[in-house]
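Enquirer: Sequence:
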Amino acid sequence: MTPKFIPGIQLCGQFYAQIVRPLLETHFPALEYSAALLGDGSETLGYDTPMSRDHHWGPRVMVFVHESDIGLAAQIHQMLAENLPYTFLGYSTHFSQPNPDDNGTQLLETIDSGPVNHRITVQTPPSLLADHLGLDSAENLSPADWLSLPEQRLLTLTAGAVYHDGIGLEELRRRFDYYPHDVWLYL
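Numbering (the numbering used here), first residue to last: 1 to 187.
Since the hints were derived computationally from the structure, they do not count as laboratory data. Every residue gets a Cβ at the ideal spot worked out from N, C-alpha and C, and that includes glycine. Please note: incorrect hints may appear among the correct ones.
Label pairs and their computed distance ranges (CB to CB) [stated by the list, open to error]:
1. Asn-140 x Gly-46: 44 to 50 angstroms
2. Asn-140 x Ser-96: 39 to 45 angstroms
3. Pro-98 x Asn-140: 19 to 25 angstroms
4. Tyr-86 x Gly-134: 35 to 41 angstroms
Use the sequences and the hints to build the structure in full.
Expert: The structure is reproduced here in C-alpha cells:
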C-alpha cells in the first residue's frame with residue numbers, strides 16, 4: 001500500500017528530527033553541523049505532488065560540517081547506513097543505485113536487511129557553493145560575478161529548509177537571497 005503523501009520538505013524535516021538528529025547526537029556528540037534540504041528537486045521548492053514520488057524523492061537530508069570535520073564524512077555515512085530504519089512514515093529510506101541511463105536517478109527500494117543506501121549527504125558550505133554556483137567563496141562578489149549566476153541556481157541555494165543551523169548555513173543563504181542593489185538596478 002502506498003503511504004499517504006507528505007510534502008517532501010516536511011517528510012525530510014521529520015526524518016531529520018526523529019531519526020537523523022538522534023543518531024548524530026549519539027554517535028558524534030561533539031559534531032557541530034547544520035542540516036537542511038536544499039538544491040535540486042521539486043520538494044525543495046514546495047512543488048512536489050504524489051507523482052513526485054516516482055523518482056529522486058524520499059526521506060533525505062543534507063548535513064553540513066566545518067572543513068575541519070569533513071574527514072568524518074565516510075564514518076557518518078557508514079553509521080547512518082548501519083543504523084537507519086528501513087522505513088520512515090511508510091516510505092523506504094533505501095534508494096536504488098543511481099541509474100546511469102537516466103541522469104543518475106534513484107528510486108526508493110524496499111529492503112528488510114543489510115545497510116541502507118541512503119541519500120543523506122555530508123558536505124561543507126563551501127562545497128555547496130562550488131557545486132551549485134561554481135563559486136569558491138561568498139566573499140567579495142563583483143557585479144559581474146552576480147550577473148554570471150543563473151537565477152535558478154540561486155534559488156536552489158535559498159529555497160528549501162534548514163532544520164538545524166549549528167555552523168551558520170542560514171547566514172550563507174541570506175547572502176544570496178537577493179541581488180545587491182547595483183546589480184538589481186541593472187537587471
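Enquirer: All hints, please: hold or fail.
Expert: Quick rundown of the hints versus the structure:
1. Asn-140 x Gly-46: 44 to 50 angstroms: violated (32 angstroms)
2. Asn-140 x Ser-96: 39 to 45 angstroms: This hint holds: roughly 42 angstroms between Cβ atoms.
3. Pro-98 x Asn-140: 19 to 25 angstroms: violated (36 angstroms)
4. Tyr-86 x Gly-134: 35 to 41 angstroms: Holds - the Cβ-Cβ distance for Tyr-86 and Gly-134, about 37 angstroms, lies within 35 to 41 angstroms.
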